[in-house]
Amino acid sequence: MDNLLVAEAVSKKFGDFKALNDVSIAVPKGSIFGLLGPNGAGKTTLIRIINQITMPDTGRVMLDGKALHQEHIKDIGYLPEERGLYKSMKVGEQALYLAQLKGMSKAEAKQRLKYWFDKLEIGDWWNKKIQELSKGQAQKIQFVVTVLHRPKLLIFDEPFSGFDPINANLIKDEILQLRDEGATVIFSTHRMESVEELCDHIALINKSNKILDGKLTDIQRQYKTNTFEVGLQTADVDGVTRAIRDRFEVLPATFKNLNDDLKLNVKLNGGATSNDLLTFLTSKAEVHHFVEVIPSASDIFIETVKNN
Amino acid sequence: MTVLSPLIMIALIAVVAYLTQLNNNKKRSISVLDQTGLLEEVFQNTDNTTYNYLTNSSLEEAKVLVKAQEDYGLLYIPKQVDSTSASKGIIFYSEESPSLTVMSSLERSLEKKMTDLELESNGVDLDMINSSRISIDIAQETFSGETTSKIDNVLKLAFGGMAGYLLFMFIIIYGNMIMRSVIEEKTSRIIEVIISSVKPIQLMMGKIIGTSLAGITQFIIWIILGGVLMTVVSAIFGISIIDMHTPQQEIMQQAVQSPEFESKLKLGFMAFQNLPIANLIVAFMFFFVGGYLLYSSLYAAIGAAVDNETDTQQFMMPILMPLILAVYVGVFTVIEDPHGTVSTVFSFIPFTSPVVMLMRIPFGVPIWQQLLSLALLIGTFVFTVWFAAKIYRVGILMYGKKPSYKELYKWLKY
Chain A
1 MDNLLVAEAV SKKFGDFKAL NDVSIAVPKG SIFGLLGPNG AGKTTLIRII
51 NQITMPDTGR VMLDGKALHQ EHIKDIGYLP EERGLYKSMK VGEQALYLAQ
101 LKGMSKAEAK QRLKYWFDKL EIGDWWNKKI QELSKGQAQK IQFVVTVLHR
151 PKLLIFDEPF SGFDPINANL IKDEILQLRD EGATVIFSTH RMESVEELCD
201 HIALINKSNK ILDGKLTDIQ RQYKTNTFEV GLQTADVDGV TRAIRDRFEV
251 LPATFKNLND DLKLNVKLNG GATSNDLLTF LTSKAEVHHF VEVIPSASDI
301 FIETVKNN
Chain B
1001 MTVLSPLIMI ALIAVVAYLT QLNNNKKRSI SVLDQTGLLE EVFQNTDNTT
1051 YNYLTNSSLE EAKVLVKAQE DYGLLYIPKQ VDSTSASKGI IFYSEESPSL
1101 TVMSSLERSL EKKMTDLELE SNGVDLDMIN SSRISIDIAQ ETFSGETTSK
1151 IDNVLKLAFG GMAGYLLFMF IIIYGNMIMR SVIEEKTSRI IEVIISSVKP
1201 IQLMMGKIIG TSLAGITQFI IWIILGGVLM TVVSAIFGIS IIDMHTPQQE
1251 IMQQAVQSPE FESKLKLGFM AFQNLPIANL IVAFMFFFVG GYLLYSSLYA
1301 AIGAAVDNET DTQQFMMPIL MPLILAVYVG VFTVIEDPHG TVSTVFSFIP
1351 FTSPVVMLMR IPFGVPIWQQ LLSLALLIGT FVFTVWFAAK IYRVGILMYG
1401 KKPSYKELYK WLKY
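Quick note, the sequences are listed as chains A and B, same order. Throughout the first sequence, residue numbering follows the working numbering, covering 1 to 308 in sequence. Throughout the second sequence, residue numbering follows the working numbering, covering 1001 to 1414 in sequence.
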């Protein structure tokens, strides 16, 4: 698969502090790439380097096969974590100004703005000042301004902060639609549930180093523990439990469901397959629930950061 | 505010002018009880003040009378025993304490008359004194034959001072504006959105140039609007601000009527022609732009280094000091000797040179000095812009604690 953005061995020092140490990432075209890491890990520095706000000390960044260049500014749309707008400027005027900074013509910007304002049903804000809007409303404007010039690469740093669940969903759908229309998205967040929902690929940065990257499903496969959630209906709860314990490793159940008499997490060791477990279970009781436990992004995040 | 400010200013001037006129228009009558009988024609009635002489009454009667008439006051001049005691015993009675101008005008009139009387009584011929009074006016000429005059120096000082002061004001007002606008972009957090589209140095220079153009536009609007409004206001209220009755203006009027004035006017005009006008205009543009850019880039750097305006104080001092020093050096040493060591040295130091050099130029500064000073200024300006751009680039993305000078130094290396 083609990579839209490739960062090779990027390092950056601020004084004595090493913000990035030899970090390489590759963002496939048309993917949603999750850039994860604890606070202060170096995510924002990497994003700023991609935006040519800061220059790397060593290493290089290629966009679409070419080393980063002034011209690439209009190919990138960036929604920073620390974001804001001119408070006393009118919404429309401001959006036009920011669009023109990205190289759009005024007429084109106006037309595109109209499309987006209609889509998000915010057309009547055109002549309002930012300070008259709520935080969530201002965030919507900010989102529109970020994607307006149809950049190849979209970078969202905590895009959902400040949104209520309804609007967060709306923005999530817009991001997915943009991806479907061909944009590539780099997505930086702490909210792991949105990572699972959105991201195809992830990279995990901790203490200035990249410690993990790849396709999310591959990583999950790599981190899975061969554990299955099992829900059974039986009259003899104690007997069945004892029987399972004798053959398999049993962990406390973490899932919820309504009418099972016995809930267990069963871990398979030493070459046992899920079919072995299932055959054993059906011989003992009636199986109502049987699901493989997929490690959540959150679990992977916590585990790798802890072990690092 | 751009349009409103001159309106408010003019309204204020009109009100002050009107009030002054109202105050001066108050008619007052002053009674004079002159027991010497010698001072009859000393006090001349003017538009606002009438004097009436009381005769054949005692002091007590006069006081009662004046109070009953509600006069402004009573001037009592007792009979003199001899001339040495002439200055004693003269009293002004009034309800409230009299105005300073009234008192000094009374004193002046009395002094002149009594001095004359005293001289006469000592056998001095007054006419002789008046006719032998000689006024000296030393003509000035340069070795190359150009006529100059004292007015020359005054005019030069006025021009230089105006240019220097204008630059000083411009730097302070618009430098602050730049600083505030940088802080605003930081606190509203739009800065990162903007610098993902333009380079920090482009943003900084754009801000400096944009703000100064806005400033110049504002100045021009003020001057035009102010001029128009001034004319309109004087026409409507019939208050001519120029002929307001103040003592200074009366003196001016007398001077204008005197025959000497015409020749002085001619000299003044010549002095104006003697000014190195072309040099002044060209130098003004270069030093103004250079000085402004030098300081405003520093203001931008300060704005970037801090999070809010209250934190700027620490960094403002090092900027304001040389600027204020420049104005003081300019005002005090350039008057004293425009080509003296102090003023010459300060007209080369880049942080003071724009102001001091602008003040010196009307007095004629050799071209090589101007060029050298300008070259130093441009060199320093390039350096400060580089320096400010470094601070700016790092500072705009730094939030939280106020940086120390040591940290600012570190930023230069990021």
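None of these hints come from the bench; they were simulated from the model. Where a beta carbon is used, it is the ideal one built from N, C-alpha and C, also for glycine. Be aware that one or more of the hints could be misleading.
[As the list claims (entries may be wrong)] As a list, the in silico DSS-like pairs of lysine-lysine whose alpha-carbon atoms are at most 30 Å apart:
#1 B:K1402 x A:K128
#2 A:K18 x B:K1067
#3 A:K18 x B:K1113
#4 B:K1402 x A:K87
#5 B:K1199 x A:K66
#6 A:K74 x B:K1402
#7 A:K306 x A:K284
[Claimed, not checked] If the Cβ cut is set under 10 Å, some of the chain A residues that face chain B in the computed set are:
#8 I53
#9 I73
#10 L79
#11 G136
#12 Q142
Evaluated hints:
| no. | hint | result |
| --- | --- | --- |
| 1 | B:K1402 x A:K128 | violated, 34 Å |
| 2 | A:K18 x B:K1067 | violated, 92 Å |
| 3 | A:K18 x B:K1113 | violated, 91 Å |
| 4 | B:K1402 x A:K87 | holds, 24 Å |
| 5 | B:K1199 x A:K66 | holds, 20 Å |
| 6 | A:K74 x B:K1402 | violated, 34 Å |
| 7 | A:K306 x A:K284 | violated, 39 Å |
| 8 | I53 | holds, 5 Å |
| 9 | I73 | holds, 6 Å |
| 10 | L79 | holds, 8 Å |
| 11 | G136 | violated, 16 Å |
| 12 | Q142 | holds, 8 Å |
This entry does not satisfy hints 1, 2, 3, 6, 7 and 11, going by the numbered hints stated previously.
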